[in-house]
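K.L.:
With these hints in hand, go ahead and build the complete structure from the sequences.
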Amino acid sequence: MDVKVVEIGNDYVKLIVKGEDHTFLNLLQHYLLEEEGVIIAKYNIPHPLVGEPELYVKTDGTDPIEAIKRANEKIVKVCDELLSKI
Amino acid sequence: MEVEYVEDREDKIVFIIKNVPVALVNSIRRAIIGHVPTMAVDYINVYMNTSFLYDEMLAHRIGLIPLKADIDKYNFQDKCECGGEGCPNCQVSLRLNVEGPKTVYSGDFISDDPEVKPVYDNIPVVELYEGQQLMIEAVARLGTGKEHAKWKPVSICSYKIIPKIEISDCSLCKACVEACPRKILEIKGEKIVVNDILKCSMCMECVKVCEDNAIKVEETDNYLFTIESISMPAKEVLKRAINILKNKAVEMNEILKHINS
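So the protein sequences, as listed, match chains A and B. Going from the first sequence to my numbering is simple: count from 1 and add 12. Going from the second sequence to my numbering is simple: count from 1 and add 38.
Some hints could be false.
Listing some non-contacts, in silico: residues in chain B with all C-beta distances to chain A over 12 Å [claimed, not checked]: (1) Phe53; (2) Ile148; (3) Met242.
Output of the computed footprint for chain B on chain A, the stretches with three or more beta carbons under 8 Å from beta carbons of chain B [stated by the list, open to error]: (4) 13-23; (5) 54-67; (6) 86-97.
Keep in mind the hints are simulated off the structure, nothing from the lab. Beta carbons: idealized from backbone N, C-alpha and C, even for Gly.
P.N.:
Set out below in structure tokens:
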């Protein structure tokens with residue numbers, strides 16, 4: 013995984029997440045939308061073979077990078093819970 | 039979140055997972071199919087081939103043989119110390135030296151690492167006749183299903199929604215019982231009951247046929263997950279897939295830390 017910031021502002025961020033696909037990004041998008049303060053969370057894969065996925069997050073003023081971090085922590089928590097129940 | 043096993047064998051597990059988002063279940067499915075590494079033959083060196091099959095066909099057939107291996111012992115070739123050239127840490131050679139008349143089976147391969155061997159010894163590769171000879175070195179390496187289907191650790195890996203069927207104000211016309219293609223509805227006394235909800239495919243035939251609009255089939259957050267594995271226990275495949283998802287999230291947070299500062 014390689015993350016590059018394309019655009020960043022107080023309430024929005026546009027990232028390029030190189031080397032990822034729907035497997036991780038759809039999960040991240042789902043947990044981002046559950047996050048408080050996130051208005052838009054969307055990813056786009058321009059081409060399934062050569063494209064580099066773009067992730068766009070817009071919030072109501074809270075730090076978008078922090079929102080992504082919290083969503084990722086939620087994924088880790090859910091995965092740990094699932095692992096303990098298998 | 040709850041997990042309940044319906045079937046629990048080494049090579050096949052069927053379980054119900056309750057109160058989780060579809061995104062998580064689908065990500066696990068995709069991770070199992072595309073991201074869990076396994077061992078498979080990548081390319082072959084042909085020193086002698088006088089059989090009826092072309093070299094390319096042999097390579098394809100040998101590539102599809104599932105291999106059992108301790109995958110933690112090996113590195114991915116692009117992340118190996120050798121820089122992708124191939125070394126004992128990232129690849130294994132399987133040698134084949136046979137002469138006809140004979141049917142060559144997957145069990146005839148002699149592996150450099152005794153732990154890396156075909157899962158089944160009785161997969162036919164090619165039939166050799168009198169005077170035909172094969173001398174092959176097959177080179178196996180780690181890969182993922184995203185690259186080629188031969189590196190998939192599973193055959194079946196799917197999930198389906200377990201729906202909720204609600205029946206109210208029924209006039210007992212029996213139309214839904216006859217319409218259901220999987221025969222899961224049944225009349226018991228004055229009521230229609232659902233026999234086996236796990237079999238419901240949500241075809242909505244019972245809803246279409248009901249004249250009183252008494253049947254409701256609703257989606258829920260419960261899923262029936264089926265995994266049939268090939269080269270390692272099904273539970274291990276599932277655990278590895280969840281760990282892969284978890285590591286991706288951890289890795290992304292690690293990178294984001296540097297962006298902020």
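K.L.:
Give a verdict on every hint.
P.N.:
Here is how each hint holds up against the structure:
Its beta-carbon lying about 8 Å from the closest one in chain A, Phe53/B breaks the requirement of being farther than 12 Å from that chain. With a cut of 12 Å on Cβ distances, Ile148/B stays outside the contact zone with chain A, its closest approach being about 37 Å. For Met242/B, the shortest C-beta to C-beta distance to chain A comes to about 26 Å, beyond the 12 Å cut-off, and the non-interface label holds. Here's how the stretch 13-23 of chain A fares: 4 of its residues keep a CB closer than 8 Å to some CB of chain B, so the rule of at least three is met and the hint holds.
Given as covered by chain B, the stretch 54-67 of chain A fails the check, having 0 residues with a CB less than 8 Å from a CB of that chain where 3 are the minimum. A stretch counts as covered by a chain when three or more of its residues have a beta carbon under 8 Å from one of that chain; for the stretch 86-97 of chain A and chain B the count is 9, and the coverage holds.
Going down the numbered hints, you'll see the structure goes against 1 and 5, while the others check out.
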